[in-house]
Amino acid sequence: MIRLVDVWRSYSLGGQELHALAGVTEDVLDGEHVAVMGPSGSGKSTLLNVIGLLDRPTRGRYELDGREVSDLDDAELSRVRRDRVGHVFQAYHLVARLDAQRNVELPMLFAGVPRAERHERARAALAEVGLAKRSGHRPSELSGGERQRVAIARATVLRPTVILADEPTGNLDRAAGQQVLELLERLNHGGTTLMVVTHDLDVARRARRVLILEDGRVVNRLAGHELKSLAEALAAKRVEP
Amino acid sequence: MTDAFGFAAAALSTQRRRTLLSLLGVTIGVAAVVLLTALGEGARGFVAAQFEGIGANVLAVAPGRVKTGGVPAFGHTTTDLSIADAVALRRALPHARAAAPLVVGVDEVAHGARARSAMLLGTTADMRTIRGLELASGAFLPEGDWDRGANVAVLGARTAAELFPGTSPLGAQVRVGDWRLRVVGVLRPRGLHMGADLDEAVFVPVATAMRMLDRRSLFRVLLMLRSPDELEAARATADRLLVERHGREDFTLITPDAIVAALQGILTVLTLALAGIAAISLCVAGVGIMNVMLVSVSERRAEIGLLKAVGAGRGQVVRLFLVEAALIAGAGGVLGAALGWALAGAVRGLFPQFPAEPPAWAVGAALSVSLLVGLAAGAWPARAAARLDPVAALARR
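These protein sequence lines map, in sequence, to chains Y and Z.
Quick note: to get the working numbering, add 1231 to the position in the first sequence (first position is 1).
Quick note: to get the working numbering, add 86 to the position in the second sequence (first position is 1).
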């Protein structure tokens, strides 16, 4: 379970303090599917980065599966990030010189998984996203949808408990986006917690719960099917959990 | 670790030109170290070969005493070293294989209309054994002629060829100043020996040479013992005898190994100095590696961010970049060692008498230093990569 208690993420800019997150308190249950929406600069990506242990809160408490993780040292933070969290980015972030197979193997490389097992698990992960036959292709030889599916295979190959997707369909056409969402939802149905940052109402509506952020604060929470428009969700501003 | 090598090699292959250029820097640096030390070793070998002709079992007596040790210089003579001294030394050392006095001078040697300047070496028959001289024709200086001084000469190969082109000089007369000498032998080509070209020499009996050159003292007395083990005892005997004859220690006893050791010492320092200068180019190559790695870190910010996002710790990122630097340095080192080796081989091919063999320690040191330079050069960029904030790196900020 993800538990954020009064989490702040502040930056100093030109002597002025800016709050990307300003006291977020939120619980995300195991296996939940949560969408995060909000205007640009509202703190959506920062929230995901803090939850994904890519960024540390300036203050507040963050517990992942019952363990305080905001003050871990670098080595431990890397280990938790590798074992518990899978990241899916809008820009895929595949290593251009490596083929799909080796891109998927990357997290296992740092986890010290033996080579043979790494090959086997990467092949299985690619098969799960329907790219068994594309394992030898480099990113430049794959379509946008295929690249994102490789990225999903990479994010899930170590079987994390949480998948964080930041605009996973942002660069894809409707059909490819649909395929990627179905893939993520399938993983969620298998018990993996899924958090998706999106601007797309259709993507957000598929979530069980939608968090609406504004100025670094969660200003509304609603069920996915209740979401009509971001403007309406912002206007409603229900802050109680 | 093999995975890290594979990852690093793939990363380097994407910046082929830059990688090759920095690799070239290391290659040149290591090749320079290997080649220059090979040349230094060649010089040492060359000098040693020059002294080998005398042998490690030769004791040389020189007139004069040099207080600081080493080889006595001309002009320090205090008492003459006479032929009688040489004879006495020969008698005092009956087990010596050979004993030969030596007088050296330069004069014009002529036959008919042909003349040339030649090195005049006044000595005895034993010089042939001591210097390992081989005859092409005729005989060497007559045995037992220590103080009689027959008017005979043995010509070096080139002197004979130039004064007697197409004919045998045996029995003919050559003029040396006002003197006329009958040629009794011609030597086989011998080349440089301790800096002197014996092919251009004219050997004459020692007493004759002293008269011709108007000398009262010998230049050296060379005593060839049966083995180097006898050197110390012979040195003591010669020392005692000459002090007794001269009344004081006004001579110097020289063993070739002392000269060789002194020269070898100088050449070793010279070799190390050359290797040190060449090693500076390795440091410059290190700066090249650092530059390539810094550019690489800057260009691969998003990749570094991703590596962190998928769980790479700082140590693992540092290791990846250090392996890249080590690969450039290592590959450059191996190529440089091979190039240096090949160049040294080419030098040996062009100058066979110059044994320019790269010493193993120099190759090992050059490879180790190049690797260390690579790792040192990679340390800063690797640290910079490891310290990148993953969020900023992923956003390429």
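Bear in mind the hints are in silico, worked out from the structure with no lab data behind them.
In this text, a Cβ means the ideal position worked out from N, Cα and C, and glycines have one as well.
Check each hint, because a few of them may be wrong.
What the hints assert, rightly or not - Going by beta-carbon spacing under 7 Å, a handful of chain Z positions derived as facing chain Y:
(1) Asp89
(2) Ala95
(3) Thr100
(4) Arg103
(5) Asp325
(6) Ala395
(7) Gln402
(8) Val404
(9) Val477
(10) Ala481
Stated by the list, open to error - The following label-pair restraints were derived from C-beta to C-beta distances:
(11) Glu443(Z) <-> Ala1342(Y): 46 to 56 Å
(12) Gly92(Z) <-> Leu1260(Y): 52 to 62 Å
(13) Leu1260(Y) <-> Leu107(Z): 54 to 64 Å
(14) Arg1346(Y) <-> Ala348(Z): 27 to 37 Å
(15) Ala481(Z) <-> Arg1346(Y): 28 to 38 Å
(16) Leu107(Z) <-> Ala1327(Y): 54 to 64 Å
(17) Asp1314(Y) <-> Leu380(Z): 29 to 39 Å
Evaluated hints:
| no. | hint | in the structure |
| --- | --- | --- |
| 1 | Asp89 | holds, 5 Å |
| 2 | Ala95 | violated, 10 Å |
| 3 | Thr100 | holds, 5 Å |
| 4 | Arg103 | violated, 15 Å |
| 5 | Asp325 | violated, 75 Å |
| 6 | Ala395 | holds, 5 Å |
| 7 | Gln402 | holds, 5 Å |
| 8 | Val404 | violated, 11 Å |
| 9 | Val477 | holds, 5 Å |
| 10 | Ala481 | violated, 9 Å |
| 11 | Glu443(Z) <-> Ala1342(Y): 46 to 56 Å | holds, 50 Å |
| 12 | Gly92(Z) <-> Leu1260(Y): 52 to 62 Å | violated, 41 Å |
| 13 | Leu1260(Y) <-> Leu107(Z): 54 to 64 Å | holds, 56 Å |
| 14 | Arg1346(Y) <-> Ala348(Z): 27 to 37 Å | violated, 59 Å |
| 15 | Ala481(Z) <-> Arg1346(Y): 28 to 38 Å | holds, 32 Å |
| 16 | Leu107(Z) <-> Ala1327(Y): 54 to 64 Å | violated, 22 Å |
| 17 | Asp1314(Y) <-> Leu380(Z): 29 to 39 Å | holds, 32 Å |
Hint violations for this structure: numbers 2, 4, 5, 8, 10, 12, 14 and 16, all remaining hints satisfied.
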